[in-house]
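Listed here are the chains, written in short residue letters.
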Amino acid sequence: MSLLEVENLRVTFATEAGPVEAVRGVSFRLDRERLGIVGESGSGKTMTGRSVLRLIRPPGRIEADRMAFGGVDLMRISEREMRALRGRRIAMVMQDPKFSLNPVMRVGAQLTEGLRLRDGMSAREARAKALEALEAVQIRDPERVLDAYPHELSGGMGQRVMIAMMLIPEPDLLIADEPTSALDVTVQAEVLRILDALVRERGMGLMFISHDLNLVARFCDRVLVMYRGRIVEEIEAQRLSQATHPYTQGLLGCLPKIGGARGPLPTLARDAAWSE
Amino acid sequence: MTDTASLPRRNGSAPALRLAKRVAGLALTLAATFLGLLAITFVIGRVIPIDPVLAVLGERATAEQYEAAREAMGLNQPLWVQFGLYVRDALSGDFGKSLVTAKPVLEDVARVFPATLELATIATIFGVLFGIPAGVIAATRPGSLADQLVRLIGLMGYSMPVFWLGLMGLLVFYGELGWVGGPGRLDTSYEFMYELDVPARTGMILIDTALAGQWEIFANALSHILLPAGVLGYYSMAYISRMTRSFMIDQLGQEYITTARVKGMPEWRVVWVHALRNVMVPLITVIALSYANLLEGSVLTETVFAWPGLGLYITHALFSADMAAVMGGTIVVGTVFILLNMLSDVLYRLIDPRARA
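From first to last, the protein sequence lines are chains Y and V.
Basically the working numbering = 1-based index in the first sequence + 15.
Basically the working numbering = 1-based index in the second sequence + 70.
Be a bit skeptical, because a hint or two may be false.
[Said to hold, decoys possible] Ranges between beta-carbon positions, derived for each pair:
no., chain 1, residue 1, chain 2, residue 2, range
1, Y, 57, V, 212, 18 to 28 Å
2, Y, 270, V, 221, 28 to 38 Å
3, V, 221, Y, 92, 26 to 36 Å
4, Y, 217, V, 211, 32 to 42 Å
5, Y, 226, V, 87, 28 to 38 Å
6, V, 199, Y, 29, 28 to 38 Å
7, Y, 57, V, 221, 27 to 37 Å
[Claimed, not checked] Simulated coverage check for chain Y against chain V, where a stretch passes if three residues somewhere in it have a Cβ under 8 Å from a Cβ of chain V:
no., stretch
8, 41-52
9, 136-143
10, 151-162
[Stated by the list, open to error] So, partial list: chain Y residues that the calculated Cβ filter (under 7 Å) puts toward chain V:
no., residue
11, 91
12, 104
13, 107
None of these hints come from the bench; they were simulated from the model.
By construction, the Cβ of each residue, glycine as well, lies at the ideal position given by its N, Cα and C atoms.
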């Protein structure tokens, strides 16, 4: 049994112009491995990630034949049971810490609220645990960071805080939705290294959503390529360069190469048949 | 390249010095704004087609009397000297004498303003207590019955004239049901008791009677203030609930809300703690403005309820060309606006850490 099994997932948004399907029948499995999901903007990769947490807001609707996490069908459990899973076993790191941290709450309060509210921990215990978590993401003066507000942190620090916050309950599955897109390239590498180490050490499953093919090829074990709400190709990350699907090949063809031809890069060809 | 990240040290001066600087800056802003307010009232006082000398002396004064009075009032001096005198008088609390009451304007205002302050404060408390929850509930279930209801109540608050609502309120709750007191701040019999037995500390009857332990008078004053405060509070609530709803919808779409949900926080905490704290930042200004509007004195409400407040006072003064009283009242209203703006600025900084930097 895999950690996560998704069968025929659909996400539909009811709009005035009729229903819009963001995800159209996606099936995949995820074990304690690093699974990359790539695709252009609007391909449904973010929606796929958020569906697993059942965090699509109305008018969006999630449907799936089955979406089993650790043998529990997420489509059948109550909101309360889902909330318990969200807090403890499934976590998510989002793109930009500037928006994903609450601007008017101290970092410490945001890090410890889960421990205090859900696990009923005392303030001191929770703080000690938060300090430990900040040290695990290699923040040098965690005491001061706990008392800081999010706007006082740099992007890289904010993302470390975000990762620390999500890993405190030691989840089994971490969904990372473009976790480094908003960061500088040098900071990106550090954040990725931290993420990688933590995922390895703790044996979590990682769903890594990105539009950066090179990054995913280096960082993940397996890659799903999405196009217009469907998975068009599934491939071992190391063999990404030998992808057979024309869309994946097209994406790879658009990447500039150092020392490559100086001419204009090809535009991405799209074929309506791929989305059928 | 380091593998660890650390907070940048705050550069610059020590916290105490920064605070002192900020307070000094605030005081300077306050002084400049107040001077601007005085300049405006001064100019208005000079351009209106009412001769201040004639207004005091009457139409039949002789030319010598006129000149003497003009000189005594400093009106023969150059304009900038006149302004200097005006500022000096204003700073020492001298806004001239009211023609109607023959008392110093400051004394008059000190008498009528507490009535308005009392009314506006209770109305605002009412508006905040009902408006914020109504707005939040509407925002969390857009399109629901609760949302429609809040919208309907708000719309009615915007579109019903205050004098009509006030009269209807008096007719039903005072005339028919007798649940509340009628016009005025007290029943006539209690007015004497209040004058005789209650030391006037603040001029606000509810506070003064409570301090003196005169609970019977307190109860009577409360029964009188409920209806006008309810009417004004209804308008305040309509405004606050609408603004809360739109701020809240905006905040609930933010990414940090998703973060709170990912952490498994229950919905009440997501809305009433995470989002509401962010909603309060812009809402503070809305509440302060709505409060300041009520403190101007609502002429219509004060007329309907025979409430001897600032709005009624200024309106009467205006109709009798009592310019000293009008200008004095205007300065009070302006000062209230300045102070409330400052207060909302301070509160805003308290709530939003980003504004403190």
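Checked hints:
1. As the Cβ distance of residue 57 of chain Y to residue 212 of chain V is approximately 25 Å, the hint placing it in 18 to 28 Å holds.
2. Here the CB-CB span from residue 270 of chain Y to residue 221 of chain V is close to 51 Å, at odds with the stated 28 to 38 Å.
3. For residue 221 of chain V paired with residue 92 of chain Y, a C-beta distance near 35 Å keeps the hint of 26 to 36 Å intact.
4. A hinted range of 32 to 42 Å for the beta carbons of residue 217 of chain Y and residue 211 of chain V is consistent with their spacing of about 39 Å.
5. For residue 226 of chain Y and residue 87 of chain V, the Cβ-Cβ distance of about 48 Å falls outside the hinted range of 28 to 38 Å, so the restraint is violated.
6. With their beta carbons about 36 Å apart, residue 199 of chain V and residue 29 of chain Y fall inside the hinted range of 28 to 38 Å.
7. Distance hint check: the CB atoms of residue 57 of chain Y and residue 221 of chain V are about 34 Å apart, consistent with the given range 27 to 37 Å.
8. With 0 residues having a beta carbon nearer than 8 Å to a beta carbon of chain V, the stretch 41-52 of chain Y misses the requirement of three or more and the stated coverage is violated.
9. Restraint check on the stretch 136-143 of chain Y versus chain V: 0 residues with Cβ-Cβ distances below 8 Å, three needed, restraint violated.
10. Residues of the stretch 151-162 of chain Y with a Cβ under 8 Å from some Cβ of chain V number 6, which satisfies the need for three, so the listed coverage holds.
11. The criterion of a C-beta within 7 Å of any C-beta in chain V is not met by residue 91 of chain Y, whose closest approach is roughly 19 Å, and the hint is violated.
12. For residue 104 of chain Y, the interface hint is violated, the least distance from its beta-carbon to any beta-carbon of chain V being 9 Å, above 7 Å.
13. Hint on residue 107 of chain Y holds. Least Cβ distance to chain V is approximately 5 Å, under the 7 Å limit.
In this structure, the earlier hints numbered 2, 5, 8, 9, 11, 12 are contradicted, and the remaining ones agree with it.
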